[in-house]
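Go ahead and model the full structure; you've got the sequences and the hints to work with.
Protein chains in written order, with the numbering used here: chain A, 1 to 175; chain B, 176 to 455.
The reader is advised that the hints may include incorrect statements.
Sample of chain B residues facing chain A (criterion: CB under 10 Å; computed from the structure) [stated by the list, open to error]:
id, residue
1, Leu-197
2, Ser-234
3, Cys-241
4, Asp-243
5, Met-246
6, Arg-282
7, Gly-296
8, Met-327
9, Gly-354
10, Pro-355
11, Pro-413
12, Gly-414
13, Gly-415
14, Leu-416
15, His-446
In short, the hints are calculated from the structure, not lab data.
On a predicted model such as this, the values are computed, not experimentally measured, just so you know.
Cβ atoms here follow ideal geometry from the backbone N, Cα and C, with glycine treated the same way.
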Amino acid sequence: MEIKLTSPIEKSRLSELRAGDMVSISGTIYTARDAAHKRMEEALSSGKDLPFDIKGNIIYYMGPSPAREGQVIGSAGPTTASRMDKYTPKLLDLGLAAMIGKGKRTPEVHEAIIRNGAVYFAAIGGAGALLSKCIKECEVIAYEDLGTEAIRKLRVEDFPCIVVIDSTGEDLYLK
Amino acid sequence: MREIKVSEITDKIKNMCIDVNLNLSDDMRSALKEASQEEDSELGKHILKQLEKNLEIASSENIPICQDTGMAVIFLEIGQDVHLTGGSLEAAINEGVRQGYTEGYLRKSVVSDPLIRKNTGDNTPAVIHEKIVDGDKIKITLAPKGFGSENMSRVFMLKPAEGIEGVKNAVLTAVKDAGPNACPPMVVGVGIGGDFEKCAILAKLALTRKVNESSEIQYVAELEEELKEKINNTGIGPGGLGGKTTCLAVNINTYPTHIAGLPVAVNICCHVNRHISCIV
Ligand code: SF4
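So this is what it looks like as structure tokens:
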């Protein structure tokens, strides 16, 4: 059975989710991958604001292929989350509600997830054509020079994910 | 001496880049289909069915199968009776990649320097492996490689005394470490023998062999079968979320080696194992 979620999302809603739950997300989510995380980290350490308010929001680790004419976005599946592990605890402590990616996370990320009542979702890796169908709007909002790695604001409808690490720290990959 | 214009190579590579990122080869398609019929895990089956649907959408709507359209890896077998004309072969290859990735709306995933990390904007340069062979033709094989799985690949310099059991352990170690990061079900390319770099190239080349074709060496074919079974018994499953479909195939290439060594490379690929060949 699929649980419907809307984003931005309340932590109380996230606390109801358990590792293994299938969810579908509608609303606004933001993309960021390696280079955007590095820039956000640099912004934070020099006392600047992040390019969007991450409180209650979801980051999707994804860098799309270019859209053809008439398409909202190109292929748009998840990238490996572990490359963002170095930056993630800080973002969670600042209020990031959830992340969508694929693959394992470090113990530090697990702890930060528990500490903040956050959630880590996986989307199906290598299903970028299929997942692109759930993306209805796409706008680059920061770091445009990074190309595919720029931060994009997406409006998604029924975007399918699986809860991998829930807010209690239970990890579906380790089950 | 047969003359081949390098511009012909550019055109071929351009079209191959686009085609290979939209259409998975028939052997890969059938392997995925078969796996989705046989998978026992409900979630695993669901994921495999979604992957089949993804392939249909990619082909019919011209959306790349995966957003990571890879770094272009190119194997060339150049006949020694070929005379290439009209410019530099390397430039012609990169021009094909540039045109293919730009005109095909493919992702540009290459940075010009590994540490300075500025995107080259056109997915060049390619990684090119050339081999001079007999004859007057050129065989081009293109295998764009995604890095979710590439990052989980390994080279092990084993001792000869570790033997075949050492090889099995090396492969299983790499696969278990890769787990969900490599977008399972995987295809596992293995190179045994040669030296440090030769085994890695053998492993990459093994990924371009059809998943339903076994090694011609009998003990190697048996090793491929045994490793496939062992990998599928790890329970990693589709998407790393459990099940018996962890790999679609293990393809092994071997080469003579030094009396003191047993190099083993494990090149992990995801279910988007793209490769295409043509002969000029
Ligand atoms: S590992 Fe393969 S399927 Fe997964 S994101 Fe990379 S290229 Fe795509």
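Each hint tested on the structure:
1. Leu-197: At 9 Å from the nearest chain A Cβ, B/Leu-197 passes the 10 Å test, so the hint holds.
2. Ser-234: 9 Å, holds
3. Cys-241: OK, holds: B/Cys-241 within 10 Å of chain A, min 5 Å.
4. Asp-243: Hint on B/Asp-243: holds, closest Cβ of chain A at ~7 Å, below 10 Å.
5. Met-246: Violated - the Cβ of B/Met-246 stays beyond 10 Å from chain A, reaching only about 14 Å at its closest.
6. Arg-282: B/Arg-282 check passes; min Cβ-Cβ to chain A is 4 Å, inside 10 Å.
7. Gly-296: 7 Å, holds
8. Met-327: 9 Å, holds
9. Gly-354: 6 Å, holds
10. Pro-355: 5 Å, holds
11. Pro-413: At 8 Å from the nearest chain A Cβ, B/Pro-413 passes the 10 Å test, so the hint holds.
12. Gly-414: 6 Å, holds
13. Gly-415: 6 Å, holds
14. Leu-416: 6 Å, holds
15. His-446: 6 Å, holds
The structure shown violates just one earlier hint, number 5.
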